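**Q** For the protein sequence lines, the chains are A and B, in the order given. To convert, note that position 122 of the first sequence is 122 in my numbering; the numbers rise steadily by one, no gaps. To convert, note that position 232 of the second sequence is 232 in my numbering; the numbers rise steadily by one, no gaps.
If you are wondering where the hints come from, they were derived from the structure by calculation, not from laboratory data. There may be inaccurate statements among the hints.
Any copy will do: because identical chains look the same in the list, a pair fits if it lies in one copy or spans two.
Heads up, simulated DSS-like pairs for lysine-lysine below, C-alpha to C-alpha not over 30 Å straight-line [claimed, not checked]:
(1) K218 - K96
(2) K24 - K192
(3) K192 - K143
(4) K24 - K36
(5) K24 - K145
(6) K6 - K145
(7) K145 - K192
Computed from a predicted structure; not experimentally measured.
Number of protein chains: 2
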Amino acid sequence: MTKTQKRDGLLAGQVDMTHGGGGKATSDLIETLFYKHLSNPVLDQGHDAAVFDAPPGRLVMSTDAHVISPLFFPGGDIGSLSVHGTLNDIAMAGAKPLSLTASFILEEGFPLADLERIVISMAEAAQAAGVPVVSGDTKVVEKGKGDGVFITTTGIGVVSEAVEISPRAAVPGQAVLVSGPIGNHGVAILSKRENLEFETEIVSDSAALHTMVTDMVKAVPGIAVLRDPTRGGLATALNEIAHASAVGIELFEEDLPVDPDVEAACEILGLDPLYVANEGKLICICNAGDAETLLGIMHAHPSGRQAAVIGTVIGDPDHMVVMQTAFGGSRVVDWLSGEQLPRIC
Amino acid sequence: MTKTQKRDGLLAGQVDMTHGGGGKATSDLIETLFYKHLSNPVLDQGHDAAVFDAPPGRLVMSTDAHVISPLFFPGGDIGSLSVHGTLNDIAMAGAKPLSLTASFILEEGFPLADLERIVISMAEAAQAAGVPVVSGDTKVVEKGKGDGVFITTTGIGVVSEAVEISPRAAVPGQAVLVSGPIGNHGVAILSKRENLEFETEIVSDSAALHTMVTDMVKAVPGIAVLRDPTRGGLATALNEIAHASAVGIELFEEDLPVDPDVEAACEILGLDPLYVANEGKLICICNAGDAETLLGIMHAHPSGRQAAVIGTVIGDPDHMVVMQTAFGGSRVVDWLSGEQLPRIC
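Using the sequences plus the hints, can you model the full thing?
**A** Right, dumping it as structure tokens:
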């Protein structure tokens, strides 16, 4: 088929309802856009379903819908984000990701060039991560019934029998680590959305963490908990862990890594970085004796250069997260209640 | 937590943005709605990702976004449809489905009671199919940026090494079978959408076909092609197969099963049943000598009572689908061009 191209080589035109009809237009879109950029031996089988070999081990499966607004932001776009988000969910079970699927819900009238940019970004993120997109789906809804592009990615991975990472596995005495400064993703999105400009552009931390996790799990198979503090931020993720493990968590504010720019932006925006979403960070809870080993591994990885021990698991019948403040006081770090930043991922 | 309930026991109230924020409201919705109805040992692990054992074999993975409108229709709703659709994609590779994930994109203001009906229907369909929903995700978009509920389901399954079913595997001389009358789903949706009433209510054929496929593959591991003719209908699915296998396909109109009610409705609506979506039918292409065996197996299954041989694979350098009409003529059955019925699945 011939498709009009823009001068920059991207597809011209807009998404229309025929692209979702399942006929020739759908088939053409899949060939000229999705197969073109995401090509790999499994996807190229042309099945509705992908067939591939898996190494032995238990399977891990996770899905994430991405509705981020705006679609393009400093440090990424919905394409790369939807790859990173699901790879990280797989990695948080201590697993090695094998394959991804991607389903697109497109709004009529969305520029095909923007869609192509998103698919290229998704392809690059998948390529960099070494995890292919093996199957997909495309639907179109009428103008005003969607919002540009929504993408659901689903991943599967394998985890060795020796690994038993679970949000329920934290016990008192263990150390709480975070892989780097918090709040960058949420502040980057909000700044872009509100057209705020700071001296230095704040960039999303969106990144795939599975290679770092592989190194961590290899060195310390007995890691208790891994969690990526996305929506709701570090505070909500820690409350979920405290609730699931029936423990308390004590944080030390002065050990919490926050970039000065992000801290300044949070003050202006009235945000608490503890509740702001991250897309390239992880929380690790491990036996106190393993903390130094894991910190060393994280510091040696590009995604963990600023990793730090930020707290301790404690016994607490109320399963609270409390923070010793820099001023010597103490405050409860509650769940996020309400919506701090809508459509952040 | 306590949530207001309506008199019928379903949740009261509406989806609001806090349900997508990742904080307490999201967590409460997951517990009172998704975990409540979809509970199974893997989902109940409470991971972002699900961990489970898999039997040996190659893995099959498929994803489908569901944007059907209306959400509730005769014979099902978006909840049951999203289970059936993905199970069928897995089955069409000759595989046994193991697990499903489900991601929900909810529009602010959508009634929680309707959402609960959908989740219950999804749970019942998964239960009936014997395939658990092991992980999920929920996002919320502002009113006017979505359309009630969109659901992406992703499935994985395993397929034995002996099975090599592929849309590229059809060869001249093989028989083309369909598992039952065509067009019911699309006509049911359109009738509901347009408030059309016929003497007998036309009901969607939405159904999970994996148990019938298991029986078929067990008896005839050498089945060449399986395909569910959804969007674009039988005509489009056959054209895709002809294109992928570089063959022609000859159909016999008088052998094509169409319910008289569906045929009458199609005439009124100006539709050709060949292009109307099905959600509980499959096309099977097999060696001519296996056709009777497979027909017998399909006739013995509730989803295949009206299965029929409808055509033959032929050599054709143009990869066309042609139909010998009931009147002794012959016509080309082309791809669906354009959008016959938007948002049919």
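**Q** If a hint holds in the structure, say so; if it does not, say that too.
**A** Quick rundown of the hints versus the structure:
1. K218 - K96: Intra 11 Å, inter 33 Å, cutoff 30 Å: intra-copy only.
2. K24 - K192: Close across copies (26 Å), not inside one copy (38 Å); limit 30 Å.
3. K192 - K143: both (24 Å within a copy, 21 Å between copies)
4. K24 - K36: Within one copy, since 17 Å is at most 30 Å while 42 Å is not.
5. K24 - K145: both (23 Å within a copy, 28 Å between copies)
6. K6 - K145: both (27 Å within a copy, 28 Å between copies)
7. K145 - K192: both (24 Å within a copy, 19 Å between copies)
The structure fails none of the hints (numbered hints given earlier).
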